[in-house]
Amino acid sequence: METIKLIVFLPLLAALVAGLGNRMIGNVAAKAVTTAALFISCALSWPIFLSFLGGHAEAQVVPVLDFIRSGDLNVQWSLRVDTLTAVMLVVVTSVSSLVHLYSWGYMSEDPSQPRFFAYLSLFTFAMLMLVTADSLVQMFFGWEGVGLASYLLIGFWYHKPSANAAAIKAFVVNRVGDFGFSLGIFGVFLVFGTVSIPEILEAAPGYAGSTIGFLGYRIDTITLLCILLFIGAMGKSAQLGLHTWLPDAMEGPTPVSALIHAATMVTAGVFMVCRLSPLFELSDVATNLVTYVGAATALFAATVGTTQTDIKRVIAYSTCSQLGYMFFAAGTGAYGAAMFHLFTHAFFKALLFLGAGSVIHAMHHEQDMRYYGGLRKHIPFTFWAMMAGTLAITGVGVIGVFGFAGFYSKDAIIEAAFASGTEAGGVAFAVAVFAALLTSFYSWRLIFLTFYGKPRWSQSEHIQHAAHDAHGHDDHAHGHDDHHAHAQDDDGTLGYHPHESPLPMLVPLAVLTIGAIFAGYGFHHAFIGAEEGAAFWQGSLAFDAHLMHAMHEVPLLVKLSATIVMILGLAIAWLAYIKDTTIPARFTATFPAVYQFLLNKWYWDELYNILFVKPSLWLGCILWKKGDEGTIDRFGPHGAAEVVLQGSRLAVRFQSGYLYSYAFVMLLGLVGFATWAMTR
Amino acid sequence: MSFPILSTMILLPVVAAFLTIFLSANAARWAALGTTLALFVLGIVLWQAYDIGGPQWQFVEQAPIFGQRFSWALGIDGIALMLIVLSVFLMPICILASWESIQKRVPEYMAAFLMMEAFMIGVFAAQDMFLFYIFFEAGLIPMYLIIGIWGGADRIKASYKFFLYTLIGSLVMLVAMLWMAREAGTSDIPTLLQYNFPVEAQTWLWFAFFASFAVKMPMWPVHTWLPDAHVQAPTAGSVILAGVLLKMGGYGFIRFSLPMFPEASAALVWVVFGMSMVAVVYTSLVALVQSDMKKLIAYSSVAHMAFVTIGLFAFNRQGIEGALIVMLAHGLVSGALFLCVGVIYDRLHTREIARYGGLANNMPYYALFFLFFTMASVGLPGLANFVGEFLALVGAYEANSWVAAVATLGIILGAAYMLWLYRRVAFGTAAGEDTASMKDITAREWLTLAPIAAATLWMGVYPESFMAPMRNDVTAILARIEPVAPHGDAKLKMGDPKKLAKAHEAAHGEAH
Chain Y
1 METIKLIVFL
11 PLLAALVAGL
21 GNRMIGNVAA
31 KAVTTAALFI
41 SCALSWPIFL
51 SFLGGHAEAQ
61 VVPVLDFIRS
71 GDLNVQWSLR
81 VDTLTAVMLV
91 VVTSVSSLVH
101 LYSWGYMSED
111 PSQPRFFAYL
121 SLFTFAMLML
131 VTADSLVQMF
141 FGWEGVGLAS
151 YLLIGFWYHK
161 PSANAAAIKA
171 FVVNRVGDFG
181 FSLGIFGVFL
191 VFGTVSIPEI
201 LEAAPGYAGS
211 TIGFLGYRID
221 TITLLCILLF
231 IGAMGKSAQL
241 GLHTWLPDAM
251 EGPTPVSALI
261 HAATMVTAGV
271 FMVCRLSPLF
281 ELSDVATNLV
291 TYVGAATALF
301 AATVGTTQTD
311 IKRVIAYSTC
321 SQLGYMFFAA
331 GTGAYGAAMF
341 HLFTHAFFKA
351 LLFLGAGSVI
361 HAMHHEQDMR
371 YYGGLRKHIP
381 FTFWAMMAGT
391 LAITGVGVIG
401 VFGFAGFYSK
411 DAIIEAAFAS
421 GTEAGGVAFA
431 VAVFAALLTS
441 FYSWRLIFLT
451 FYGKPRWSQS
461 EHIQHAAHDA
471 HGHDDHAHGH
481 DDHHAHAQDD
491 DGTLGYHPHE
501 SPLPMLVPLA
511 VLTIGAIFAG
521 YGFHHAFIGA
531 EEGAAFWQGS
541 LAFDAHLMHA
551 MHEVPLLVKL
561 SATIVMILGL
571 AIAWLAYIKD
581 TTIPARFTAT
591 FPAVYQFLLN
601 KWYWDELYNI
611 LFVKPSLWLG
621 CILWKKGDEG
631 TIDRFGPHGA
641 AEVVLQGSRL
651 AVRFQSGYLY
661 SYAFVMLLGL
671 VGFATWAMTR
Chain G
681 MSFPILSTMI
691 LLPVVAAFLT
701 IFLSANAARW
711 AALGTTLALF
721 VLGIVLWQAY
731 DIGGPQWQFV
741 EQAPIFGQRF
751 SWALGIDGIA
761 LMLIVLSVFL
771 MPICILASWE
781 SIQKRVPEYM
791 AAFLMMEAFM
801 IGVFAAQDMF
811 LFYIFFEAGL
821 IPMYLIIGIW
831 GGADRIKASY
841 KFFLYTLIGS
851 LVMLVAMLWM
861 AREAGTSDIP
871 TLLQYNFPVE
881 AQTWLWFAFF
891 ASFAVKMPMW
901 PVHTWLPDAH
911 VQAPTAGSVI
921 LAGVLLKMGG
931 YGFIRFSLPM
941 FPEASAALVW
951 VVFGMSMVAV
961 VYTSLVALVQ
971 SDMKKLIAYS
981 SVAHMAFVTI
991 GLFAFNRQGI
1001 EGALIVMLAH
1011 GLVSGALFLC
1021 VGVIYDRLHT
1031 REIARYGGLA
1041 NNMPYYALFF
1051 LFFTMASVGL
1061 PGLANFVGEF
1071 LALVGAYEAN
1081 SWVAAVATLG
1091 IILGAAYMLW
1101 LYRRVAFGTA
1111 AGEDTASMKD
1121 ITAREWLTLA
1131 PIAAATLWMG
1141 VYPESFMAPM
1151 RNDVTAILAR
1161 IEPVAPHGDA
1171 KLKMGDPKKL
1181 AKAHEAAHGE
1191 AH
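Protein chains in written order, with our numbering: chain Y, 1 to 680; chain G, 681 to 1192.
Next comes chain Y alone, as it looks inside the complex (with noise of 0.2 Å):
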């Protein structure tokens, strides 16, 4: 199977083409021949999906090269495909071949387009090497490679300090995460003596209950080592305690959020847990853990969503919280609801992000929720789109008959939780109906402060700015026009006119809402049934057929909650920012500490801040002029140079700079006396 060489290594060799022809190649050469890369790779990857969908295709590995050999250790470049890498091909290649697509009209007037997509497509590549993965190491590779690509494209617009902060967090933050997945390798490699995927999992069983050494501990070595590996995917999937890079992460373009930090890169954490879980099952502690992460996540992010005012950032929240779901999934046993979750959020989370993105361009680069509203008229295609998002995301549906993409991802995770039957499953389940709600209240927030109500464009510095120089463009043209301006004032809009995105934005609006409305209905049999979806993954992750039967028999009141709660958030939003908008300022006034606690995001940046980024500089400084300068050198050369200065006439003289003839010197005597002592 060559075509999968193609799908992986036609965006490396995009990227090398845009990146290092850059300036000499010019701007459209550099966007057509990546977009053509992609739209290859994606045009290659759905047949494989397709044909692992019918039933008639089977895993294999294509082996490139040889990478790292010493002694056991034997490392290959090889590229797998099963049907847990044909679903993340087909993830990968659609939103990175749309999100390529439509930077060429977001982008269009960024001065470094060639750049831009050349990182595009190489975090493609890397993602790709990442889901082909057949070791360990390779899998390692991929995860640092998206992790650099994530770096560039956060701190795309360098020239900004918030970017660049942003970008260097994001990337230390992984490598927080980084330390676990490195040390479950090591773990790993001592354990079963390999890093081959396969290998690791069928050996794990025979190790069941052994126990090993770690950091003084005596430790169940499948948990040591399940959750040293989880640690690496909390990293990547912005779990609860490393998640605070995401949210700031936003500011990078918008595509690259829409493609790294909603569609693919952070689900990298659900999908390693998936392509382990045979793994994983083999430690309650490491699936309780996993699970309880992954509800804390869900609540957290929700809770915060819901007061966050910038466009993205409530979109970041959501993916976070998001991400939480697909974790206590994996953690219940739902692995295959943890993955379609994955893959239905790819479409819906994509396409509220370029939706996003529409309204930013809309907007005139304005992100501030606050000084939208009624843009529902003026950007028409792109409200129906976040629309279509929306009812994805919050999972409107009736059962049975026909539901958006997340009515049936997210309600089969939360009947899976509620399903398993554990007590992680049932906090889980807790959580999870509560964050559905708070998830529909903080989406439906998004769609009335930014599309219904009237407009309240006059604050945003961004909107004032565009006004004004439309303006100022009006005093040439028509000399004193000032009276019609402030006429217009009046209806909040400063005379601006939003214009709704160019067809190279909208055409991937359209494709993703079709993924947004029938993703769930197309695929939910394949992924999460119990008898086809055993069929369908092929033994790819470990599927539980029992506990997706138990799924579908849960009471009616455990399938409705989801529903209830999807309308009891809308309702909420509704009465809060379309009937009566002074509730939110009630609101906040009535509890300023909890308002105050969510919209600092709980302050687990400023906890961070103060636990070790502080401490760190500080220790530095200490060493340095204390350790170094202070000790070291004050006993060591210092101190033995004032002796020497003291004593000695011949260290005056070397002092003053004789170091020639003192190095000479030093020569012979080297030679004389090695020749003394050896013929002596």
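Simulated from the structure, these hints should not be mistaken for laboratory data. Remember, predicted model here, so these are calculated numbers, not experimental data. Even for Gly, the Cβ is constructed at its ideal location relative to N, Cα and C. Take the hints with a grain of salt, since some may be wrong.
[To be verified] The following label-pair restraints were derived from C-beta to C-beta distances:
| no. | chain 1 | residue 1 | chain 2 | residue 2 | range |
| --- | --- | --- | --- | --- | --- |
| 1 | G | L699 | Y | G21 | 42 to 48 Å |
| 2 | G | E1144 | Y | P555 | 57 to 63 Å |
| 3 | G | A881 | Y | L607 | 51 to 57 Å |
| 4 | G | Y1045 | Y | V594 | 48 to 54 Å |
| 5 | Y | P111 | G | E1113 | 16 to 22 Å |
Assemble the complex: chain Y is given as a structure, and chain G must be docked to it using the hints.
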């Protein structure tokens, strides 16, 4: 006897150095470039001709000087081969890097570099312990001169510190060598490698060698000469210092300490691990707060070299092979980072990080190279350092989970200080008009950076080319040290299969 290629590689630069002194500045440059390129070609020939899987010592030459006690004995194994290739690869790049920035006493400068090259090759090729010692020490002299004459404002102090540290360490080593030659009756390294020194004596011998090699590495706390030496050295001096001179410490450990004193090495592992663990965290934190670019990279070197010592003393194949690759990779990457600093130092004549900024605007290709080497330095997979650090840490984990965990912390801190450096130099806005008007890299600078980048990528994607020649030599060392290897702390204990089966059944029963 076949063509004495190793003697040629040592004597050719010496002859060229003497001739160069009498040339004009420009002729001296070309002569040095020609000589180093010729040596590079010889190095490639050596690599091609080296028979992987053949005898352990190849290209052997022997000419007695003082009988058994001291002879002109040369010969290389795969480890020495790779280090020689690294040296001859970096040399022409150093000459090119000094092409315009050195204007004072050019012939002498070029001569010093050529002498340096001869001594470096000599260190790795010597098969006689005293010959090794002479090359090992003599290599310091051209380095003193390079720092002391062509260095920065504080060069005297820096070269003095460099001298004091390294000399004291070496003298102790010399005493140990004299004792060993007496005891074993020979100074022939291959013979000594098989000689079993009495266990009681091994400890002090080990410490005597350690004193010298630890300074050379350098290990904490005898590292403080390195930042000063780097800061004051001219760019090419830093490249050779970081690229090759620091490798002599690691080479010494693997050639002498481990195989000659295996029992002492095993007993004193904790000394090495302790110092290395401190080094990783300590120097990384110090690097975080530096405002001088060269100092920052110098401190990062100390942290990186700690991976070498950790890997070597892990007492297993992954650790040692990883350490060797870290040595090669660090030689390339930190050399390249110093070149990157040199490029902008030549333009603005300051190492203050705060004076730069926004270079991605006016120097895009420079920014690309700098990013490439920054990423290599933080251990991005696919580039050279990753392979080495990964293997070294795999080995370390087998030896001791504490060591692996603390050393792995270094990858977090490493990312922090390198990205923070890169951000201040290449991103943001220029600190001044002069910074913003700096021109992108010239063709000559391309020639210095591009080959290293290619080698870094090669080593990162297909390290087998570099690991294959060294594999059998690592096996030979393992044969000496594995019997006494200390036990790891993992102590995997398998579960009771019967109990497990029962528990599994019970769990299933409940679930249904």
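Worksheet item: Per the hint of 57 to 63 Å, is the separation of the Cβ atoms of E1144 (chain G) and P555 (chain Y) within bounds?
Response: Distance hint for E1144 (chain G), P555 (chain Y) holds at roughly 59 Å.
Worksheet item: Taking 48 to 54 Å as the hint, is the beta-carbon distance of Y1045 (chain G) and V594 (chain Y) inside that range?
Response: Hint holds: Cβ distance 52 Å, inside 48 to 54 Å.
Discussion item. Is 16 to 22 Å respected by the C-beta to C-beta distance linking P111 (chain Y) and E1113 (chain G)?
Written reply: Roughly 21 Å apart at Cβ, these two residues keep to the hinted range, so it holds.
Fill in: Consistency of beta-carbon spacing, L607 (chain Y) to A881 (chain G), with hint 51 to 57 Å
Holds - the Cβ-Cβ distance for A881 (chain G) and L607 (chain Y), about 55 Å, lies within 51 to 57 Å.
Worksheet entry | Satisfaction of the hinted span 42 to 48 Å by the C-beta atoms belonging to L699 (chain G) and G21 (chain Y) | holds (45 Å)
Hint compliance for this structure: every hint is met.
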